[in-house]
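Trainee: Residue strings, one per chain:
Number of protein chains: 2
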Amino acid sequence: MAKEKKQPRPKAETPKGFRDYFGADVTERKQMLDRIAEIYHRHGFDPLETSAVETVEALGKFLPDVDRPNAGVFAWQEAEVPGGGAGDWLALRYDLTAPLARVAAQFRNDLPSPYRRYAMGPVWRNEKPGPGRFRQFYQCDADTVGSASVAADAEICAMLSAALEHAGIQRGDYLIRINNRKVLNGILEAMGVPEGPVSDDVLRTIDKFDKVGRDGVRQLLTTGRKDDSGAEIAGVGLAPDQAEPVIAFLTSKGADNAETLANLRAAIGASATGAEGVDELAQIADMLQAMGVGPDQAIIDPSIVRGLGYYTGPVFEAELTFEILDEKGRKRQFGSVAGGGRYDGLVERFTGQKVPATGISIGVDRLLAALRAKGLMGGEAQGPVVVTVMDRDRMGEYQAMAAELRAAGIRAEVYLGNPKNFGNQLKYADKRGSPVAIIQGGDEADRGVVQVKDLILGAKIAAQASHEEWKAQPAQTEVPRGDLVAEVRRILG
Amino acid sequence: MAKEKKQPRPKAETPKGFRDYFGADVTERKQMLDRIAEIYHRHGFDPLETSAVETVEALGKFLPDVDRPNAGVFAWQEAEVPGGGAGDWLALRYDLTAPLARVAAQFRNDLPSPYRRYAMGPVWRNEKPGPGRFRQFYQCDADTVGSASVAADAEICAMLSAALEHAGIQRGDYLIRINNRKVLNGILEAMGVPEGPVSDDVLRTIDKFDKVGRDGVRQLLTTGRKDDSGAEIAGVGLAPDQAEPVIAFLTSKGADNAETLANLRAAIGASATGAEGVDELAQIADMLQAMGVGPDQAIIDPSIVRGLGYYTGPVFEAELTFEILDEKGRKRQFGSVAGGGRYDGLVERFTGQKVPATGISIGVDRLLAALRAKGLMGGEAQGPVVVTVMDRDRMGEYQAMAAELRAAGIRAEVYLGNPKNFGNQLKYADKRGSPVAIIQGGDEADRGVVQVKDLILGAKIAAQASHEEWKAQPAQTEVPRGDLVAEVRRILG
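The listed protein sequences derive, respectively, from chains F and Y. The numbering of the first sequence is my numbering, which starts it at 1 and goes up by one. The numbering of the second sequence is my numbering, which starts it at 1 and goes up by one.
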């Protein structure tokens, strides 16, 4: 046999833009998603788990004549089908909405209609990775497919409010803002701007409202403005009085929903589309009230413009309103953690039939970061009780101790490294975040006792105590073997 | 602008070999994995979630000179690095062990040692799909990396036993069988067969023990045999008396562990490796007993040969021992649901240092199927209470009813389809598996009452009752609006 050529060692590295989640990273996210799923379930939503892989055709982001359709997604071509020509292009899903569209079309005769579903799982983006920007991340979506009623939109908002609170964000620490694309369409109608390049320009301009403010939008809609770098940004070219209805729309939020709706009615003039949009918002406001959702939880706010170009009806955005300190100690708002709205054409691509849908997507990583910033996570920090190994031949007895602790519901493990150096065992317990170490040498075994070491108290004493106090070892107690579980329970409180 | 060419409609289909999981499929699997995770956690194992994507280099299944390394895995090449030549080959993980190896090497200075971790998630295989064979499926693994002690192996077996029982498989309905590769190595040593082509042939032959039995293995080790189709299968070419130690090994299971161990000691002759292997099994048996794991839960059984070629020390396999009826009504054994063992070279590929490891993998789909066959799943079957819509203008009041029910912990939803046809609403409730429908028309609203319809009782009556009984509608009750929640609670029991 030919001698194998020696291979260089592979690099032990995650691919660029990917990461691993350890311990509490996994359990805290799971805990949060479980809480959210409880609320979705109680609202009649069913879980759906599609596979990570879809055909590029079904994902529908790409033209078939592109040689390698991997811009934005991770895609590859299946091997040739024997006698059947080129294989399909497959890709990792880039969101949870495209697979829902495929499912809603594929199973349209079997699914209940309307179909309420939630989905939680990773999605993949083939983008340039950067600090804090990953190419695999979690999404958590809930959508209702097949209902044209604004009752579906109101339900989504109420459910989002309940989900955020059940996950741990307190009432008053978040606000769901609701807008409606149809109102903006009505404004454009009233302005005499038909759907086309100009209305697209107006939409793109409005999207900058967050950044440039009222005056900035006014300039951009008319003659243009200088940006921070001094560069001249061309305007859309509207006359000043033509731009005013758009400004009126963006700034129409009043002291309460009634005032906001009145301002909007004034802004839309005689537009039928606009009137329909304002009516929808009025209905949503009424239904939220009926469901017990207050204006401190969800409110009509036409200044919410993110996604207004994409959605076709009501649009939602949830912001966290509390301040956190950033890495430089500066106060800042936490910002948006969820967004959604009503969209058309979801299933139409596949079937030719229009199917109305509305939904919400929660930013899993952002919400988790917010819960951590509020000190609402971190319950997983405590490690297991570590049963140390003083005498290799009595491993069975150490394992029996761990088994007894587990039977009492206490997380416990036997030290499984090389037991020769006892210091290493305590270092290991420290690395594991163990609250308690169990020690039993031959002498203790003969006397039928165990040493129970309170590692948390021990660490405190080590940090603060004098040498004499330290030597007294108040953190270590000898108890009869039969009292092991009771003593550990006492220490764990 | 050029007019867009009309695209043909995309097909709404999952790629071949992939599938979607709906409702109870998702929640039942989650419930089972949550139960298993509880046990792993209590044993000191920490969760690890690696990304779905690894470099082909780190996965390590492929030679770098293969043009397209996608045999067996889904792989693709990253776009060219600007100025840096060809991009990396990336691939979807095909199991959870290869990523663990990469993590153990990459984070070897940060992880506790030994490192106990569990992982649950999908893996992908680029194989020809077939009936019941999918290209994405779940794995559920637990491994201890960095411990050479058989205490780690014993712990894995005890933990597997606890996990199966906590998931719902009763004691007596499963059995974990334990073998040891070192004993077989000892047998080969005693036979005078050195490591090489002949020992490889012997290992391959042993792997067929399940299928061809004792006599079949004897024939295959010596002169060969005819298979069922009449084809002649060549033998390994051992002399009959040379083959006997292998047969003795495979059939050495006695009435209890002590007898099995005695039989093995006789079979290995003077081999030191063999003695080491038998000692390890004896230690594992002792430790299992110390942990309270009985011989009806885990037992030494040298007839377990699956994976014996891959593992380097103790080998485990868990079988379900109860019978189920297959689709043709025939009784059959459920078979294996978990397997594992000790393996070397996990981290060595990356670092050059040997790191011992041992672990177990549970077949998620098989175990779930077993729990379903035992009638231990299916709690998710009941749908939400459906509040029907008799009067579109009173949607807020219907939503208030649903909100009240949810606040009382009852799953509830308002019908959001077109309410015109009331029959469709009841059909929808039926499709949803709803236990109760709520009905309130204008007349009921005026009188301050609601109709509460027991759909389960209703279905029973519809199936059995006479026309008169049916007309009496005992399944529908009118109650004051204020008693809605109480009445629904009464029906749900």
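Bear in mind the hints are in silico, worked out from the structure with no lab data behind them. Careful, some of the hints might be misleading.
[As the list claims (entries may be wrong)] Below are the EDC-like pairs computed for lysine to aspartate or glutamate, each with C-alpha atoms no more than 16 Å apart in a straight line: (1) Y:Lys-16 / F:Asp-110; (2) Y:Lys-11 / F:Asp-88; (3) F:Lys-30 / Y:Asp-34; (4) Y:Lys-16 / F:Asp-227; (5) Y:Lys-253 / Y:Glu-323; (6) Y:Lys-354 / Y:Asp-344; (7) Y:Lys-128 / F:Glu-49; (8) Y:Lys-30 / F:Asp-88; (9) F:Lys-128 / Y:Asp-301; (10) Y:Lys-427 / F:Glu-80; (11) Y:Lys-16 / Y:Glu-127; (12) Y:Lys-431 / F:Asp-241; (13) F:Lys-211 / F:Asp-227; (14) Y:Lys-128 / F:Asp-88.
[Said to hold, decoys possible] Some chain Y residues judged to face chain F by a derived CB distance under 8 Å, without partners named: (15) Leu-48; (16) Glu-80; (17) Tyr-94; (18) Asn-109; (19) Pro-112; (20) Gly-292; (21) Asp-296; (22) Ile-299; (23) Lys-420; (24) Arg-432.
No residue lacks a Cβ here, since even glycine has one placed at the ideal position from N, Cα and C.
Trainee: Now look at each hint and say whether the structure bears it out.
Mentor: For each hint, the structure was consulted:
| no. | hint | verdict |
| --- | --- | --- |
| 1 | Y:Lys-16 / F:Asp-110 | violated, 20 Å |
| 2 | Y:Lys-11 / F:Asp-88 | holds, 12 Å |
| 3 | F:Lys-30 / Y:Asp-34 | holds, 10 Å |
| 4 | Y:Lys-16 / F:Asp-227 | violated, 51 Å |
| 5 | Y:Lys-253 / Y:Glu-323 | violated, 23 Å |
| 6 | Y:Lys-354 / Y:Asp-344 | holds, 7 Å |
| 7 | Y:Lys-128 / F:Glu-49 | violated, 22 Å |
| 8 | Y:Lys-30 / F:Asp-88 | violated, 32 Å |
| 9 | F:Lys-128 / Y:Asp-301 | violated, 53 Å |
| 10 | Y:Lys-427 / F:Glu-80 | violated, 46 Å |
| 11 | Y:Lys-16 / Y:Glu-127 | holds, 10 Å |
| 12 | Y:Lys-431 / F:Asp-241 | violated, 55 Å |
| 13 | F:Lys-211 / F:Asp-227 | holds, 11 Å |
| 14 | Y:Lys-128 / F:Asp-88 | holds, 14 Å |
| 15 | Leu-48 | holds, 6 Å |
| 16 | Glu-80 | violated, 11 Å |
| 17 | Tyr-94 | violated, 13 Å |
| 18 | Asn-109 | violated, 11 Å |
| 19 | Pro-112 | holds, 5 Å |
| 20 | Gly-292 | holds, 6 Å |
| 21 | Asp-296 | violated, 17 Å |
| 22 | Ile-299 | violated, 17 Å |
| 23 | Lys-420 | violated, 12 Å |
| 24 | Arg-432 | holds, 5 Å |
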